[in-house]
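**Q** Based on the hints, put chain B in the right spot on chain A.
Protein chains in written order, with the working numbering: chain A, 371 to 473; chain B, 9 to 193.
Heads up, a few of these hints could be off.
Listed next, the stretches of chain A that the computed footprint assigns to chain B, with coverage defined by at least 3 CB atoms under 8 Å from CB atoms of chain B [to be verified]:
| hint | stretch |
| --- | --- |
| 1 | 387–393 |
| 2 | 432–444 |
FRET-style restraints, in silico, Cβ to Cβ [claimed, not checked]:
| hint | chain 1 | residue 1 | chain 2 | residue 2 | range |
| --- | --- | --- | --- | --- | --- |
| 3 | A | His-459 | B | Ala-23 | 49 to 57 Å |
| 4 | A | Glu-470 | B | Gly-120 | 30 to 38 Å |
| 5 | A | Leu-468 | B | Gly-176 | 31 to 39 Å |
| 6 | B | Asp-58 | A | Asp-375 | 16 to 24 Å |
| 7 | A | Leu-471 | B | Ala-136 | 26 to 34 Å |
| 8 | B | His-84 | A | Glu-470 | 18 to 26 Å |
| 9 | B | Gly-71 | A | Leu-465 | 37 to 45 Å |
| 10 | B | Leu-174 | A | Asp-427 | 46 to 54 Å |
Because the hints were derived from the structure by calculation, they are not lab data.
Just so you know, even glycine gets a beta-carbon here, dropped at the ideal spot from N, CA and C.
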Amino acid sequence: MQPVDSHLFLFVGAALFSIGLAVVVVKRHAIVVLMGIELMLNAVNINLVAFSQYDPDRLQGQMLALFVMVVAAAESAVALAIVLQVYRHFRTAQLDELNELKQ
Amino acid sequence: MIQLAFYIFSALALAGALAVLLTRNVLYAAFFLLLTLLGVAGLFVLASADFLAIAQIMIYVGGVLVLVIFGIMLTHKAEVPANTNSQQPNRVASLNRSGARSGLFWGILLAGSLCTALFSLLIRANFALLNQPVGWQSTINTIGKQLMTEYVVPFEIAGILLLASLVGATYLAASHRKPFRHATR
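Chain A on its own, in the form it takes in the complex:
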């Protein structure tokens, strides 16, 4: 079984990270911004896993990728709760329309 050239994983990870950053900066809906953050975390995970296959005894990269997934799940749960509360207050989830601090 001939494995894939590992440089290609790094290229895919770089492209995915850039697209995720573009989503975070360009999009104005709060949930789509969260999706962009998920894309960036996935790109980082690809890099970690690609380097981790040369370390089959300790698998440090894969362990870090696992913990990144756990933290991403917790982050998205809390962030979606915040978005829900913001939507209840302002009746919108577009980030550009949230422009006042007081009640």
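**A** Positioned in the frame of chain A, the structure of chain B alone reads:
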């Protein structure tokens, strides 16, 4: 064969991510994110990380994406029915910055320059590690041992973090009305 599978999965992931960037509909963006996550899971399998691929599918596709779709449904703003044509699909529009295109321009410029910089760096880089031969074996055994020996403290802290985020998300998402308000009126 493996090369072909790699190209298919990476094309799936990148096309899904680009579609998330380009589509205006938030619900469609969630479905394209599903494509991306499945493609990344396939890439994990090809990088000999079988446990992580299953964990990716279970956590992201089974948990995070369902949560995101719930969020989209709950924050859907019912628009004023200017066009009451029932043939129209249900659109949840994600508007770009209204007015000038400056947000779009700076976003594309930032991401494009980062992409160019990373690609030029990766082309010129020469990782000595990546030239070694690599064997394919199941990682479940090693991950189980590592979680119980070397990474037992982060494992427990991850459990506490998940509990805290569970309680915090429940408290945040709950509506803070006083429960006996209508009874005392």
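**Q** Of all the hints given earlier, name the ones this structure violates by number, lowest first.
**A** 3, 5, 7, 9 and 10
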